[in-house]
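Enquirer: This is what each chain is made of:
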Amino acid sequence: MDKEFTYPEPANLGADRIGEKMVVNLGPNHPATHGVLRLKLELDGDLVTRCDPMVGYLHRGQEKLAENMTYNQFIPFTDRLDYLAPLCNNIAYCLCAEKLAGIDATPRCKALRVICCELSRIASHLIGIAAYGMDAGSWTVFMYCYTQREKLYTLFEQLTGARLTTSFARVGGMRRDIPEGWFGNVNAFCNQFLPALDEIDALITRNKIFMDRTVGIGVISPETAMQWGLTGANLRASGVSSDLRKDVPYLGYEDYDFDVAIGVHGDCYDRWLVRIEEMRQSVRIVRQAIEKMPDGPIDVGNPRIAPPEKTKVLKNMENLINNFILVTEGPDIPAGEAYFEAENPKGALGFFIISNGGGVPYRVKIRAPSFVSLCAMQELIPGHHISDVPIILGSMDFVLGECDR
Amino acid sequence: MDSSKIISELGFLKPRKSADSALAFDCPPEHLVKAAKTLRDSHDCRSLQDIAAIDMGPDSSPRFGAVYHFYSHSKKKYVRLVCMCADSARPALPSLCGVFKGADWNEREAYDLMGITFEGHPSLRRIMMWESYPWHPLRKDFPLSGRDAPLPDTFADNENATKVVPAPEEGGPFHSPSTATIFASQREPRSADTAASAPENP
Chain A
1 MDKEFTYPEP ANLGADRIGE KMVVNLGPNH PATHGVLRLK LELDGDLVTR
51 CDPMVGYLHR GQEKLAENMT YNQFIPFTDR LDYLAPLCNN IAYCLCAEKL
101 AGIDATPRCK ALRVICCELS RIASHLIGIA AYGMDAGSWT VFMYCYTQRE
151 KLYTLFEQLT GARLTTSFAR VGGMRRDIPE GWFGNVNAFC NQFLPALDEI
201 DALITRNKIF MDRTVGIGVI SPETAMQWGL TGANLRASGV SSDLRKDVPY
251 LGYEDYDFDV AIGVHGDCYD RWLVRIEEMR QSVRIVRQAI EKMPDGPIDV
301 GNPRIAPPEK TKVLKNMENL INNFILVTEG PDIPAGEAYF EAENPKGALG
351 FFIISNGGGV PYRVKIRAPS FVSLCAMQEL IPGHHISDVP IILGSMDFVL
401 GECDR
Chain B
1001 MDSSKIISEL GFLKPRKSAD SALAFDCPPE HLVKAAKTLR DSHDCRSLQD
1051 IAAIDMGPDS SPRFGAVYHF YSHSKKKYVR LVCMCADSAR PALPSLCGVF
1101 KGADWNEREA YDLMGITFEG HPSLRRIMMW ESYPWHPLRK DFPLSGRDAP
1151 LPDTFADNEN ATKVVPAPEE GGPFHSPSTA TIFASQREPR SADTAASAPE
1201 NP
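So the protein lines, in turn, are chains A and B. The opening position of the first sequence corresponds to residue 1 in the working numbering, with each subsequent residue numbered one higher. The opening position of the second sequence corresponds to residue 1001 in the working numbering, with each subsequent residue numbered one higher.
Mixed in with the good hints, there may be bad ones.
Stretch by stretch, here's where chain A covers chain B in the computed footprint (C-beta under 8 Å, at least three residues) [to be verified]: (1) 1044-1055; (2) 1072-1082.
Lysine-lysine pairs mimicking DSSO-like chemistry, simulated, CA-CA at most 27 Å apart [said to hold, decoys possible]: (3) A:Lys-40 x B:Lys-1101; (4) B:Lys-1075 x A:Lys-64; (5) B:Lys-1075 x B:Lys-1017; (6) A:Lys-99 x B:Lys-1034.
Because the hints were derived from the structure by calculation, they are not lab data. Just so it is clear, CB atoms sit at the ideal spot from N, CA and C, and this is done for glycine as well.
With these hints in hand, go ahead and build the complete structure from the sequences.
Expert: Following this line, the structure appears as structure tokens:
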């Protein structure tokens, strides 16, 4: 939004003292922008007086693609939205399609999805704080976080067969049940992760340099945060108690015991603290989910939505036909429209699907939380010094794959 | 918050069928700003979550529209307003930038990809595609394989009014010279079939 910049008090020296404005391009290839983001900054000396984020360098037309393929064919594309938490995206898209179809996943599937979502949240927040810490000059924390993420990716590989592009969820279920002994590995990870997180916490959270650079920087008031439509950790850091897992429960989140971390000041430091605490809460949820993991099938027993078991497909003609139709024509989703938002690591990832019936959606709109976070930059960054820009960008934890879609 | 209470305050809204738990209404475009203001001030819908531009197909009338999703953090409820544009040739809707700051980029995206003009938007520019791009790719008569469009000739910045001459190796060894007209159909033979059968006007 174009609006006149008002100088903050110490710099407000009168019109004749305002220096010559200079336009600086930050990005699109700059390590501090965490992807192909370009910021057009108007500077007066060190002070940013206008910020115009330029996005679209990674635009792949994902919504157009989604309208030209079946529901399950689009799941690999959702990996490429927020590619730091692909499992969350897979599940969010399937949940929206299931909402449209009016079906409910099986209890075992829901619990497995909760574990997938929370492990992805830990992985995504680890990258978020690693890159954020590095923007503030801490290389050690970056390496500590990546060590932990590597262990998580090994778990994802055991579960899905892929480290990054998991494509694991399906409409009405999951690709397959867990491999043998996987929960034991997850428990082992959780047990060693909490001390490691404490170590990361101890390394940087009370670090004088880090606090000097983040406390009081990039303050977002609760009202402003809601006005811009911020969601997730960025909104909670501003002091708004809003977590879709608690407020609009999906996947049975109402049955888990966890706390919602809320900030007080809404500055960069609070956004750091909220992310650290959310990882601890995610471990709590994962442990509870493993403990009360129900038995039973992983796919809904609806032949119009989920394919039959592979062993039956190989032996039985009717099941083979059923499988063939589901793969070629897609799951049979009734006509209608549905909007669903999932509490993803980056914020609320929303899908709005209009269906005319059949296996291909008519219109898919992706509500990307990173897109919204970056939109707010035009108000958030002006008034800060240019050295604060990477800190603010890092604290907002966005992903350009999701923003540009 | 229930739909009868909202309708009693905003008589022009009509209930709409929905597969989810959101309160869904049809809203005439001329009352959109008033509806958004009332939802924000009297019903505590403080956040505009999303604007989804829709195209109901080249033959339907009204053809273009936008779906607005509002969220109330206190009542934990979504409200959906569906607003169809009266004119299908030049679709236009009022801008909500004055009511919700978050409408800014969402409206730019709807303008860029669907070609809906938002009246009163402070700077309605393209956001995903480049400024000189002639088409609106999310329209239903735009083929999946894309359509020919000249690439932006320079990366010049309008604000600086300087023309940037690309370095000889810019873009790598497979980069075509910027003087040639580069079209998708020449690069990708498969795209020619569908692009040729598509109608001329965007």
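Enquirer: So, for every hint listed, does it hold in this structure?
Expert: Taking the hints in turn, this is what the structure says about them:
no., hint, in the structure
1, 1044-1055, "holds (count 9)"
2, 1072-1082, "holds (count 4)"
3, A:Lys-40 x B:Lys-1101, "holds, 20 Å"
4, B:Lys-1075 x A:Lys-64, "violated, 34 Å"
5, B:Lys-1075 x B:Lys-1017, "holds, 21 Å"
6, A:Lys-99 x B:Lys-1034, "violated, 30 Å"
Hints 4, 6 from the earlier list are contradicted by this structure; the remaining hints agree with it.
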